[in-house]
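The listed protein sequences correspond, in order, to chains A, B, C and D.
Residue 89 in my numbering is what sits at position 90 of the first sequence, and the numbering runs on without skipping anything.
Residue 334 in my numbering is what sits at position 335 of the second sequence, and the numbering runs on without skipping anything.
Residue 615 in my numbering is what sits at position 589 of the third sequence, and the numbering runs on without skipping anything.
Residue 145 in my numbering is what sits at position 119 of the fourth sequence, and the numbering runs on without skipping anything.
Hints are computed from structural coordinates only; laboratory data are not their basis.
In this text the structure is predicted, and so the values were computed from the model without any measurement.
Every residue gets a Cβ at the ideal spot worked out from N, C-alpha and C, and that includes glycine.
Where hints are given, some of them may not hold.
[As the list claims (entries may be wrong)] Calculated pairs, DSS-like style, for lysine-lysine (alpha carbon to alpha carbon, straight line, at most 27 angstroms):
(1) B/Lys298 to B/Lys157
(2) C/Lys173 to B/Lys157
(3) D/Lys206 to A/Lys157
(4) D/Lys170 to A/Lys157
[As the list claims (entries may be wrong)] Derived Cβ-Cβ restraints for the label pairs, each shown as a range:
(5) D/Ser447 to B/Gly50: 54 to 62 angstroms
(6) A/Ile160 to C/Gly478: 34 to 42 angstroms
(7) C/Leu207 to B/Asn233: 55 to 63 angstroms
(8) D/Glu439 to A/Asp163: 50 to 58 angstroms
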Amino acid sequence: MTAAAAPRKAPKINRIGLDLEPYRGLKTTLCAGCGHNSISERIVECFFEMGIDPTQVIKLSGIGCSSKSPAYFLGMSHGFNSVHGRMPSVGTGAVLANKDLLALGVTGDGDTASIGIGQYVHLMRRNLPIVYIIEDNGCYGLTKGQFSATADLGSTLKTGIANDLPPIDTCSLAIQLGATYVARSFSGDKKQLQAVFKGAMGHRGTSVIDVISPCVTFNDHHGSTRSYQYVRDNRTDLQTIGFVPHFDEIHVENGFAPGSVREIEMHDGSKLRLEKLEEDYDPGDRLRAIERVETAAEKGQVLTGVFYVNTEKPNFIDLLNLDDTPIARLPQSRLRPESAALDEVMEELA
Amino acid sequence: MTAAAAPRKAPKINRIGLDLEPYRGLKTTLCAGCGHNSISERIVECFFEMGIDPTQVIKLSGIGCSSKSPAYFLGMSHGFNSVHGRMPSVGTGAVLANKDLLALGVTGDGDTASIGIGQYVHLMRRNLPIVYIIEDNGCYGLTKGQFSATADLGSTLKTGIANDLPPIDTCSLAIQLGATYVARSFSGDKKQLQAVFKGAMGHRGTSVIDVISPCVTFNDHHGSTRSYQYVRDNRTDLQTIGFVPHFDEIHVENGFAPGSVREIEMHDGSKLRLEKLEEDYDPGDRLRAIERVETAAEKGQVLTGVFYVNTEKPNFIDLLNLDDTPIARLPQSRLRPESAALDEVMEELA
Amino acid sequence: MATVDVFAPGEALAPTSREVVNDFSIQVATVNGSGSQSANLILLRALFQMGIPVSGKNLFPSNIAGLPTWYTIRAGKHGFVGRKKEIDFLVAMNPETAREDVINLDPGAAVLYDEPLNLKALRSDVHFYAAPFDKLVAPLAPPKFRKLVRNIIYDGVLAYLLGIELEEVRKALFKQFASKLKAAEMNWAAAQAGFSWAQENLEKADPFRLERMNENQGKIIIEGNAAAALGAVFGGVGVISWYPITPSSSLAEAAQDYLKRFRIDKQSGKATFAVIQAEDELASIGMAIGAGWAGARAMTTTAGPGISLMSEFVGLAHFAEIPVVLIDVQRMGPSTGLPTRTSQGDLLSSATLSHGDTMHPLLIPANPQECFEFAARSFDIAERLQAPIFVMLDLDLGMNYWMSEKFEYPAWEMDRGKVLSAEDIEALQGDWGRYRDVDGDGIPYRTLPGVGHPQAAYFTRGTGHNAEAGYSEREDDWTENLDRLKKKMIAARKLLPKPVVRDNEKAKVGFIAAGTSDDAVSESRDQLARGWSLETAYCRVRGFPFSDLTGEFIARYERIYVVDQNRDGQLHMLLRRQFPEFHDRLSSICYYGGMPLDARTVTDAIVEREGL
Amino acid sequence: MATVDVFAPGEALAPTSREVVNDFSIQVATVNGSGSQSANLILLRALFQMGIPVSGKNLFPSNIAGLPTWYTIRAGKHGFVGRKKEIDFLVAMNPETAREDVINLDPGAAVLYDEPLNLKALRSDVHFYAAPFDKLVAPLAPPKFRKLVRNIIYDGVLAYLLGIELEEVRKALFKQFASKLKAAEMNWAAAQAGFSWAQENLEKADPFRLERMNENQGKIIIEGNAAAALGAVFGGVGVISWYPITPSSSLAEAAQDYLKRFRIDKQSGKATFAVIQAEDELASIGMAIGAGWAGARAMTTTAGPGISLMSEFVGLAHFAEIPVVLIDVQRMGPSTGLPTRTSQGDLLSSATLSHGDTMHPLLIPANPQECFEFAARSFDIAERLQAPIFVMLDLDLGMNYWMSEKFEYPAWEMDRGKVLSAEDIEALQGDWGRYRDVDGDGIPYRTLPGVGHPQAAYFTRGTGHNAEAGYSEREDDWTENLDRLKKKMIAARKLLPKPVVRDNEKAKVGFIAAGTSDDAVSESRDQLARGWSLETAYCRVRGFPFSDLTGEFIARYERIYVVDQNRDGQLHMLLRRQFPEFHDRLSSICYYGGMPLDARTVTDAIVEREGL
Ligand SMILES: Cc1ncc(C[n+]2csc(CCOP(=O)(O)OP(=O)(O)O)c2C)c(N)n1
Ligand SMILES: Cc1ncc(C[n+]2csc(CCOP(=O)(O)OP(=O)(O)O)c2C)c(N)n1
Ligand code: SF4
Ligand code: SF4
Ligand SMILES: [Mg+2]
Ligand SMILES: [Mg+2]
């Protein structure tokens, strides 16, 4: 059993004066070595390092090993482990009720792409401000390893049976349908994961991060395309990703070759620094992004990086033009119209 | 009220000796002028002209004006008007039970892209042999005109309210997810519709045909992108489409400019003849197809044509390696193993 | 087995001297999509303005245009305006149904028909009036408007035949076409033309007549859906997530309209609400639950198929104790059933929706006032109980026009339930448990996300948990939690509206009914008392689980008839479940034909069962 | 309030001379994912092979690895092998739970534990044996296998302490590791090492002992899920569409394995079945319905949350009259609840699933034989009735190991129901109606798509229809159809398995129970007769709607206790609904802690209620 442990070199106190403890959760009950545990650790670190008030975060999930993990980080945040595949709607409702909260959805590939693909598709369309992390192991961990809808063609179960249906690529779907921050990463890559998560935390729109997260118990064998080994052997990085937090203008995390870096300013003022590894890749070009992701899938590449960012598009809360005070905090006087209003209607109907 | 009427010049008796009558259905109860009625007429004609035995066809639908329409064609075929948005699963089960039947799904954009998008996505992955026609009016006809998930950005309701969520493009989704015959057409274009339908009828895999089909009652006004007028003004054809039925090798429907025509042989031996209007468009190139469809959407073009065809990919029935006799027709002797089999198991467990 | 005196069928008809004033039914048979709705509403309003108790019920097909539709107006001088089984005055405009419509009339009825239909030949025991609508409409409107204007002509003809004051027709008409003055003028001309033509060409022979009364002072006319929508708005709803489905769509749409009108800040233009058309019912209930969890007053609207789809999520809300309101406008099931017919068929499935042991409170309004009040109160109850609450309308109540007293402004303080603030948590020094039964009523305390105290957070889940909201598979945690939930639901009774009890010292027989059965039962009691000297008592339940008062009512009467608008006697079943000791007093009367329940159906059943 | 005689707590313990032979419980407390499952199954099999009636129940957490798990073996020489509430012999391998496990023991129990846990100090009134498992395992296996092999050692130690024949351990072990000979050898060495070590180091002090009997001739050991899977295979299932969910997944997976083995043509390699893992439960039931409609024997498997999700579709199948089988392996709800705990909590929701008036037949097996038979028969019943049929297993039955008689080969002809062939249609000259009640039993005739006759087609829909399957909104069509459906469901009783009735002339008290309550009730009857001289009768219902025989049983006894494994007494409710006249005879005993029901819980309740 691994607790969602602290990073070694993290400063003791963050910019809002908290130490790491408030960012931790309960001891994990996932298998030792499960990729999901590493992701939990990164979440703890990122929220701590960004100095986000954990009481202003909500954690949302469906059902699965991955969906259990919110219990293992951010113990000071309200959490909602809902029903299988339908977390997007619960998250949408919660954000509508209180738009000031940072919504963090953590779910599995089965939860998202099998039972949940309908709600996922519609979530993308709305560009709801939410950080949506898919802990993608290509299988149903909690029900003992059956294929999920992200399993690759030809990938095998422990029994040797091969998957014969094409996978759903949650990233290309997200880009196509309207999400505005879309990335893929790997549970084993601490640095990339941190940068990608932090970028998402500063984005006010739908962020999808598909994290390849091997299931050591059911899907880490030879023949699986979601094993640690397979990812290491087939990984292709689109960019080297750096991150400059909004509260730390000077600090530059990476020495980038001048000119090859693209800097994207997120809604919170932080900057995502993408050092291009593929010459002309432009994360602002929706169609190119889809094409690149789909090509990778066809070639069996595990492509990681920030595929698409659009900080211009209005999010769902913008579209609704909500009052500055979150609905959940409005007092009776603002929720119940005056009696004159009722009189007016009664008059019309008389 | 318009009955699903016969084409004027159709021959009286088709190649299996039937006249048009057995292909007709009940009198329509849809609004006069509804695009769906035209589609019903085309279905009647195509099945008649192709000489398909209507008793070997099943008609499947969800709920909506469009989903009612199977009552108005092919009266000799068994029909199943199921529940809202979940026709794909019903169709899948029916085809599994009897793989020899030609499955014709007729549904709406609300049925498919709103409530039904989850089942739609998974249907595409399976490449189940089915002809899936979306009667796409961008709204919910039967519940009085609300936006569906295919409504274009900025398209307005009769009340003037504009849609502010991006549409789901059912065609690019279908191509991306594994469908093997994907086209878009227009209820008002008799010739194109016939060719596209007939091509699908000869294909043994998932055929998706998104037919723009204006709702005259709720979505045919100025400001709507699904009105007859808008389609006429913004339509772009990818190809001119001809069709040579498998039983009629000599007959060539169109005089094509030599060299510019691509001929695709369908599973039933019929040939789809695509006269390219866009120079280098290749309906076999999955990624190009997605890109072209998405580009059209961005430009506000109503792009019609056969976007993608793949006659090589195994369909779901192939993958299951089913017995030649459909499951539904197997006698008891083939369904119940011998008693020796039970003895064997009992022995193991003793 | 009719219970009202009728002519012997087929008997020829002489002009009658017997007058029937202000207590009969008018049915207009047309085709949907033909614009007859306006003409019918004008008629309804004109009667209303004349001070006559009245209701209007639309019987429409589940399609958009071209199929038969019947609009029925019931005038009821004694205040009984429930559906009358017999049609007294038929306006036959639809060639497709005219024959059958006429044949189904009782002798003595009257028919106004479109001349070419030539209905007169069909029988000799009803009064016929033929009007040449096409001829009349031609000079009144250019061809493209004629279809609509044509219908207004029958308003004019009826005004003459029935004695509707033309001035009231005019007022109603201009109200109807308020935003389209041109159309109003054209239609007013049509009404007048109908009237004049009738005056000159028809001779009144039937007994039906309307005359001014003074019953409608201070009253309004409204559909139950609009009333419930208003209730939600004045109840402080924050998030509505819904998916279109007949007969509930107009509720969400009306709510959205009222919210836009009253809940957008005049200065900033910003909204204190969100109305979301979700992609389906699983999403709409999920959004409402998420919003309720995060502290907004949240609701969803739907009908039977949606209730079924929401089943898993409602179990979650019940078990994780999340306030949320579901308004179910019931239509005829099972399955897609008859989407445009009314029923009370979801009582049972709603009361115990979802797998496992569950129970959900129901509020069952019977009229627009209760729609308004119960919708508003449902949020208080949901937040107090931290549970899903069902408001059970039906198509008859929701989509038809009802007279009503004006709604009273909700003067009560909203009850936001047991919510701990940051100060509360501080005072408790963090020693609180999300699912502890502190007050002994089974209702725990909750915190809202974002409240900001470091000890405020808890983890919400549909899996087993202990009093501290910690995950638990322990036998004792589980059973204690389930016991508390049961206790809470029993406590719910006190929060629900009490039954309306009409005791009767002379009675041995009592009725129990709910919702829209009220009109029919009330009128039936009158019929039974006057026609058969049978005195009855009546208890109209308005909430489930039932109040103890309902049990006491049952104890007071020997034989209780439970009236249900469903096949299996669902209200009867729920009553027997809660009051098993009275099982042999409770018998069941079920109507499930999809029409609004009428008094005669109830009376016939009682007459038979009581051997009268 | 224990009902078995026990030591006074805390009393010190002397080696006992009282012997308890072949009637006690052994519990092994480990951690899941640690491979203890093999060791436990070997133990179970060894006892089975010794001819001792036995059962094995796994209590596991809802996660994959690292959390506490308890495996309980019950030996019952009188044939009662239901769960025993008290643990007699504990094997304490899990440091996390060892303290609590030991504290919860009754005095006189015995404990074998891992030496470093040092449990001996905890109390003096139980027998302790410490074994140094780490030390013992070291020479037996290389480090990476030690975790697994370690567990087999306790098998050896127990063999010595309890008198399990080592040869039977060997046989069981080699059967368990049949495909891995190397592993078998290594583990066999471990078992022997445990035995030898115990022989040399432990002194037997507790009273529990096993000895050979001759009760298991011709019997098998199997989980209910595997039995039901076999039933489906031999019942001729054609299409299985399912979605993984505990505790039903292993049913679908077992069915797939058996189908691959027995239903693929040896020559062609082609399959006479399709098993589809669907994307969710809405899809899995939809596929099954589509397949049933098109003529295949179709089923889906699920648990509570899936039942809720299937609600709308099941209403469609009911109303459109489509044969389909749903196997619900019940787990503890509501909501996600306790996925790895057993319950009978879906009886009510399944029986009336979906909105509107519905009713669905349930089959409720109590043992593997019935799992097999009912699963096979369910297709006959579904096709005969043209309706969804529920087979209600539960986690205890489905996932635990049960002894059983060998299954009888289904010799009966499959009943494919009222299906018209092309010849039939020809003979009728096309004069048939899909929903006509030709035979007066409410069951209509259907045709299968593709049958090929030009007059065979009909249109299936969830909307209102007449006897000819034409769309209809008519009141009379609707009510006639609903009446016929009700008639059909009443007719269903005859097709369902009859109750198993154990009359008792000396008894005034009777039990009614269903499913896995059987073991506990049977043993409780024995306890009551022997301990309190209370004679009881017993009716085990096996189908809903209930047989008339059940009503007659109720009529014969004064007081009937209905035993339910849910909070709200769902079986009790359904019985009261069908037999309201007997409501005051029926009282309810509910257990809902999630463990398999045990006899003592039932006995305690009866002793209290009967004032014994
Ligand atoms: C409605 C419903 N159906 C099925 C299940 C059973 N179930 C629990 S977790 C799970 C799959 C989880 O897979 P994934 O989301 O990939 O998470 P992982 O365990 O792999 O992290 C399933 C099918 C359920 N809980 N609810
Ligand atoms: C579960 C469920 N939800 C809602 C409805 C109501 N409903 C009927 S048709 C329809 C929309 C149909 O839209 P579309 O599929 O686009 O068909 P169209 O009428 O436009 O042809 C809806 C929401 C329903 N029948 N069932
Ligand atoms: S089963 Fe797989 S996904 Fe689940 S906790 Fe273990 S390793 Fe992780
Ligand atoms: S409402 Fe629209 S979609 Fe429906 S029948 Fe009329 S025109 Fe067609
Ligand atoms: Mg997974
Ligand atoms: Mg539509």
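Consistency of the hints with the structure:
1. B/Lys298 to B/Lys157: 24 angstroms, holds
2. C/Lys173 to B/Lys157: Given that 27 angstroms is the threshold and the Cα spacing comes to 21 angstroms, the pair holds.
3. D/Lys206 to A/Lys157: Cα-Cα ~16 angstroms, so holds.
4. D/Lys170 to A/Lys157: With a Cα-Cα distance of about 19 angstroms, the restraint between D/Lys170 and A/Lys157 holds, given a limit of 27 angstroms.
5. D/Ser447 to B/Gly50: 54 to 62 angstroms: 25 angstroms, violated
6. A/Ile160 to C/Gly478: 34 to 42 angstroms: 51 angstroms, violated
7. C/Leu207 to B/Asn233: 55 to 63 angstroms: The hint (55 to 63 angstroms, Cβ to Cβ) is violated, given that C/Leu207 and B/Asn233 are roughly 36 angstroms apart.
8. D/Glu439 to A/Asp163: 50 to 58 angstroms: 37 angstroms, violated
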